[in-house]
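Line order of the protein sequences matches chains Y and U. To convert, note that position 164 of the first sequence is 164 in the numbering used here; the numbers rise steadily by one, no gaps. Add 326 to the 1-based position in the second sequence for the numbering used here, that's all there is to it.
Calculated directly from the structure, the hints in this document are not laboratory data. It is possible that part of the hints are untrue.
[Claimed, not checked] Covered stretches of chain U, as calculated for chain Y (at least 3 residues, CB under 8 Å):
#1 390-402
#2 430-438
[Claimed, not checked] Reference excerpt, derived from the structure (chain U facing chain Y, CB under 10 Å, subset only):
#3 Leu335
#4 Pro380
#5 Pro417
#6 Leu488
We treat Cβ as the ideally placed atom computed from N, Cα and C, and that holds for glycine.
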Amino acid sequence: MPGVSGRGLAALMVLAGLGLLAVAAALAVGSVPITVTQLLAVLTGGGDPLHRELLLSLRLPRALAAFATGGLLSLAGALMQVLLRNPLADPYVLGLSGGAAVGALGAMLVGAAAFGVSGAAFAGALLSTLLVFGLAQGVGGWSPTRLLLTGVVVAAGWSAVVTFLLTLSPADQLPGMLYWLMGDLSYARSPLPAWLVLVPALLATLPLGRTLNVLARGPLQAAALGVAVRPLEITVYVLASLLTAVAVTTAGSVGFVGLVVPHMLRLLLGNDQRLILPASVLAGGALLTLADTLARTLLAPEQLPVGVITALLGVPTFLFLLYRSR
Amino acid sequence: MAMLETRDLVIDIPGRADGRSLSLCLAPGQRWGILGPNGAGKTTLLHTLAGLHPPRAGRVYLDGAPLATLKRKMVARRLALVFQERQDGFPATVLETALIGRHPFLAPWQREGTEDLRLAREALAALAVDHLADRLVTTLSGGERQRVAIATALTQTPALWLADEPTNHLDLRHQVAVMRLLADQARRGATVVMGLHDLNLAARWCDHLLLLFPDGQHCAGPAEVMLEPRALERLYGQPLTMTRVGGAPVFVPTPDPGDPVDHDR
Numbered sequence: 001m002p003g004v005s006g007r008g009l010a011a012l013m014v015l016a017g018l019g020l021l022a023v024a025a026a027l028a029v030g031s032v033p034i035t036v037t038q039l040l041a042v043l044t045g046g047g048d049p050l051h052r053e054l055l056l057s058l059r060l061p062r063a064l065a066a067f068a069t070g071g072l073l074s075l076a077g078a079l080m081q082v083l084l085r086n087p088l089a090d091p092y093v094l095g096l097s098g099g100a101a102v103g104a105l106g107a108m109l110v111g112a113a114a115f116g117v118s119g120a121a122f123a124g125a126l127l128s129t130l131l132v133f134g135l136a137q138g139v140g141g142w143s144p145t146r147l148l149l150t151g152v153v154v155a156a157g158w159s160a161v162v163t164f165l166l167t168l169s170p171a172d173q174l175p176g177m178l179y180w181l182m183g184d185l186s187y188a189r190s191p192l193p194a195w196l197v198l199v200p201a202l203l204a205t206l207p208l209g210r211t212l213n214v215l216a217r218g219p220l221q222a223a224a225l226g227v228a229v230r231p232l233e234i235t236v237y238v239l240a241s242l243l244t245a246v247a248v249t250t251a252g253s254v255g256f257v258g259l260v261v262p263h264m265l266r267l268l269l270g271n272d273q274r275l276i277l278p279a280s281v282l283a284g285g286a287l288l289t290l291a292d293t294l295a296r297t298l299l300a301p302e303q304l305p306v307g308v309i310t311a312l313l314g315v316p317t318f319l320f321l322l323y324r325s326r
Numbered sequence: 327m328a329m330l331e332t333r334d335l336v337i338d339i340p341g342r343a344d345g346r347s348l349s350l351c352l353a354p355g356q357r358w359g360i361l362g363p364n365g366a367g368k369t370t371l372l373h374t375l376a377g378l379h380p381p382r383a384g385r386v387y388l389d390g391a392p393l394a395t396l397k398r399k400m401v402a403r404r405l406a407l408v409f410q411e412r413q414d415g416f417p418a419t420v421l422e423t424a425l426i427g428r429h430p431f432l433a434p435w436q437r438e439g440t441e442d443l444r445l446a447r448e449a450l451a452a453l454a455v456d457h458l459a460d461r462l463v464t465t466l467s468g469g470e471r472q473r474v475a476i477a478t479a480l481t482q483t484p485a486l487w488l489a490d491e492p493t494n495h496l497d498l499r500h501q502v503a504v505m506r507l508l509a510d511q512a513r514r515g516a517t518v519v520m521g522l523h524d525l526n527l528a529a530r531w532c533d534h535l536l537l538l539f540p541d542g543q544h545c546a547g548p549a550e551v552m553l554e555p556r557a558l559e560r561l562y563g564q565p566l567t568m569t570r571v572g573g574a575p576v577f578v579p580t581p582d583p584g585d586p587v588d589h590d591r
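Excised from the complex, chain Y in its bound form:
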């Protein structure tokens, strides 16, 4: 890949290998264990019909959806952190998940089907994005600080509405709602929309890597080095919002991945966005696939919300890396 050094390329290969392993584990592990030989038989077009059905219509779509969601969230998080020049930024920092949650919970409350819930979540996410961007314009035009403050306050507003919706809801609907809020891939039916957004978005951001490195030095410095700052910032904002909206629509608001995966990679690989952006997609995808596999197997037949697992895996790893860093 142009623009990435030899060492970076090696890191990407390792992460891609981890991603493949995570997907393989997701396919093999479950109520019916499937061996590597059986797995290969099915993937090459043969194998036991039960295994075929289990793999191709249940585990594979879910694993691919998990991978894509993790990739979307990590890429969105990495972009938001550069855009806002704030290491605490994550894909939800501008209130997008709150908008999506209000949409999704509202749809569940009126008894919409899964498709309706996803549609309402997507609509809520877009509405929140437009609302934050519009309000942050204010009288004097937006700045990253203003965008961040507006986003945080709008998120607080959504959070109040979410609590309100939860108190209105009948008891039998509460577990489903709480699962959605923590992130749950059992809603994900087709991984296709997520991949259709993830792949072009990654390809679009790759040539922007060095420009984003310059933007991370501040807007004035970037402009002095020949970057058209405002168009770039708007592109990054729209792209990161779209990525997050699709992720939330696929799996609810899975926390933690978008904040921590890019930071872990920065601690390990340095802060070159040309490497961090593709590495975030691979590492985020691998982490969420692994976490989802654990979520559905640890207490089987009970399923845990995947957000619980991402946090339990990610928090110690991140703290360890941070503690060791200079």
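Starting from the known structure of chain Y, arrange chain U on it as the hints suggest.
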């Protein structure tokens, strides 16, 4: 070679009257110093000259073309700006920081080549920060960061230098080193424009001066004409005493009888 010209320029400082518009021609080889009290608009003027801050009226021309119509990337290939304030949101090494000076010369997919690396390393050596190449910028002292910022501009190989307080945070030895470097750039045909608060640095190192008054008035010309004690006293609102060291004028604030002075030293 790069020629910067302003025609009827009025910089935009909120709440200030237009004052007198500025029509100046900054030519290759010249070393301009912009002097003025705090808040007179030195930084705003430099940012306006770099095209980062829209003027209230008038235009800036780079090599005869209106700056506002030029692509930012094309401007950045000609002109470098050393900022007074630094923002380091994310940690980066000293070498990485210097290398971003090559950004305007590289295509989106292109990686920095050996030539870019050579320029960056030479620039770091010229500012005596090459031994810090692998250190994180955030771990450096203020003076070291200032030298890295100047090295970044040097890596940009500009024909036009706009330096906002280039000696900020620098000790006396490095102040002289940086001024020599900028003078050397001018000797090789670059246009050098510096915003300075130190009158004596301007008196020693600049051949042209622009005095900015807080009310938007200004006067500009060759340094020997502009270093007129009465005009400078009016500029700073401070009585000055002039002496000469090695032929160059040196200005000190005239002591007030009420100031504490230790006569036994």
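So, going through the hints one by one against the coordinates:
no.	hint	in the structure
1	390-402	holds (count 6)
2	430-438	holds (count 6)
3	Leu335	violated, 19 Å
4	Pro380	violated, 12 Å
5	Pro417	holds, 6 Å
6	Leu488	holds, 9 Å
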